[in-house]
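Protein chains in written order, with our numbering: chain A, 1 to 669; chain B, 1001 to 1297.
Only true hints are included.
Interface residues of chain B toward chain A, partial, derived using beta-carbon atoms under 7 Å: (1) Glu1223; (2) Arg1233; (3) Ser1236; (4) Val1243; (5) Asp1246; (6) Tyr1254; (7) Met1258.
If you are wondering where the hints come from, they were derived from the structure by calculation, not from laboratory data. We put the beta carbon where it would ideally sit given N, CA and C, even for glycine.
Residues per chain are reported as follows:
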Amino acid sequence: MAFVSSLALLAALLVAVPYAAHRLRRRRAEDQPFPPARLVAPLPQQTRRPSRLEDRALFASRAVAVAALAVLGATPLIRCSRLSVQRNGGASVALALVVDDSMSMRVAFAGDNGLSRLERARQGARQLLASAREGDAIAVVLAGAPARVSLAPTTDLGAAQQAIDGIVASDRSTDLEGALALARGVVSSLPQVDRRIVLLSDLADGHPDGPPLDDPGEGGGGAPVPVWIALPELRGDSTDCALLRADRRGIRVHVTVACGPGKSAAGRDVVVEDASGKALGRGSIGHGSSGEVTVLLPSDDAVPDRARLTGTDAIASDDVAPVVAEARRGAIAVVADTSGETVATGGAPIVEQALASLRADVDLRPIPAPPDRAADFADYLGVLLDDPPGLTPEQRHAFAGFLERGGVALVALGSRAAAAPLGASLDPILSRASAWVPVDRSAGADLGSAVGPLVGSVQSLADLGAERRATLDPDDARAFERLVNWTDGAPLVARRTMGRGEAWIVTLPFSVDASDLPLRPAFLAMLEGWLQVARQRATPRRSDVGTPWKFAGAGDVRVVGPQGDVSSIRDDGVARVTPSLVGRYRIAVDGQDEARVAAPDERELDLRPRPYSPAAAGARASGSRASVDASGEVALVLLGLMALEMGLRLWSRGRDGADSLAMARSDEA
Amino acid sequence: MTVLAQELWSELTPLRIRARQVAQGIYAGAHRSALRGAGVEFGGYREYVPGDDLRWLDRRSWMRHQHLLVRQFETETDRTLCLIVDASASMGFRGPGAPATKMAFASLLAAALARIALRGGDPVSLAYLAGRAAEPVGRSSGREQFERVVASLDAAKPDGDARVDRGMVDRAVAWLDRSARRGAIVVVLSDLIDLPEDAADRLSGLVSGGRVVVVVQTLSPAEADFPFEGPIRLRSLEGDTVVETDAEGARDRYLAAMAALAAKWHDAVVARGARFVRAKTTDSPARVLRDIVRAVR
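From just these sequences and the hints, can you work out the full model?
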């Protein structure tokens, strides 16, 4: 604060003058007739005559006037705690408000009772909006994972206000870098020269050791976009523990407890309750920041609904987890017959080894033949068939149901597929039998036809060294979306949507006898892309909050979350729902009910803030200072106070006159 | 009728009408023993007081018990009502919460008493302690006498300083000695404030003449309760007393002093055989009147 401001504010000490004047003013007691006055003992006045109402009002008026004068002398030199945008030369600004709506923002704000960090952040955003003027462009970006644009840049301040009002607390993890990147992207294309990003966050994104966040980056035209951490007071470490999962296995409920780094839930208990809140079992938590607690249920018939962590911590919403029947890891079924291989690779079939090398979080289950019952497909995310000799009618029926419900298949076509016995076919993936035809050994993929996961590695498919390849019936070929073609235009890798699932075909088997395909990098890229689709299509029953659930091929999707209905959005015809709150979700997909659980992200339990440079936390943003010129308002207040004092004096005088008249009339009577 | 209308009624209604209303329903009763003293029928003994006629001293009692007793006799005669109204300046005090001044209240009681006496055929006289335009009314009876008493009370204004005019009580007593016969009823209406120190003895001494003396202390509620708060500056209406004090601190001492004043008067007049009645201007005039009549009996 400037010396002049301090000096001006010191003038507020003059408020002691009217105070002393009012305190020292001694009102003479009024003369009252009283015949037996001689019977009254004269006493020193132990108590002063109490100040009358108008005295107090006058004093208050004068004191406030002195204080207002001091503020008037100091403004606009003083910095107010109210956030505002100060523009350079009065020009319009482009402002991206990055509001953190992650779970850590639920923590109570240390500076104000009963106010959460998110509410304080919204207050700050509103204050900034209040200082915006016509011509300013405002964008709102939310930093809860996944980072998203809540409001595209607009000069409609009312819409911005609505967007700020519409921000609600969530249990998402934090994606500050993604949010800042989004914010830079949205403001960089705006015509305003003065572009800024205002970050309203507690900076607790689980990376306390990460690089500072206020890297200006490159805006449009190479101009850096400064990041202003407007409310650094939101930061603050705290203790938070959460229940990550609660799985029931028989009469046991296994509850996973996690706390922030260096924190412990020791001394707290895990209570498993039924839907009515009745405790069914209890387990104690040992020392350490994380661990598993096993709670015994009274019987197999017990119906646990939720596990609850006793005691309190910084965030209450993650202290409860729904109990679900144990959700296993997703599995991939691999049907590969290596009996005809002439090249000894050792160990598992090469496709299994390739899948294992991807270190995907899935189980690989080699099975001799595709299941012929629909229930046997229940545990699989995807089924890989390496040159299958067709499918029996039972297998086809079960396979069709699997694809219909969201399963993903990868079928490599080779000689066995082409020579399927009568009655065995690859329906419903292929309506006609494929053919196994010779091909020039130098034939390879059309490098320009690659799309999707093969784009980056298609170079490795230029020469596949195959002597034969599978060809599809033209009708079948048209039904597939090509991922990469042979040089003659025939599909090499293609895919088609079937129900809620998806089927991929490769016109070469996964055998080094048939081609060099399994030895090429593109083979791993293809498998990885297929696995990703498999995971997306079959979202596990429990996932991190904020991770979208996709329902490809679903017509009607209705989701009811912990706080009521959750709306779904369609992206390229695929319904997508993003759970923003921790808890149980009941989902109806085309009339079929299922339950999913959104669990907190363990990183969000780390409430330690990410570092930043002091310059970004100051009241400066792109050389501007957050200050409020309140001179006009203060002057108006001062004027009002003067009018008030005059009114009080007149009223006081009128009242004294009325009292005197009444006394005179009394004496006369 | 609203409270305001009642106050207007009491302010605007002539004293004679208000006195009649107050006196309505109150009777002194047949006073067979109107006068004790010289008579034909023995009426009992009482203690001798200086001034008693020595002819009625009971010698046998003196010789046997060493007690000075006076024999009393009853006679069928009228009982003159002698009213003494204090019209000094202090009686003009009204004070907060009082419906009227003490003088107005005393005048109302006096007029009502006169009404009762005249209705019973007894003569009435009226005298004042101090006062401006306060003309005494000589002993007489009849309807005109009531009008004369009321007219005099209406005309009298509170004035005079008892602390300066020390002889006002003596003049009233002398006037009574001359006008009041034995057996007369003397009613003194005063606030008893600022009266001379010997006023109690002088007024109660009227009993020695065979009279019935009733002293009615009339105070305003402010004088009786001292309702003030905080620092106050009080000025007496007689004398130049000005007191600055703290109301809360002085209240208890004042009430004690006022109680001592009343006790002093009570003891003084009761010791002489007189009666003492206390009243506040907020009291019902009819109730005070009954108290006075009861004291006379």
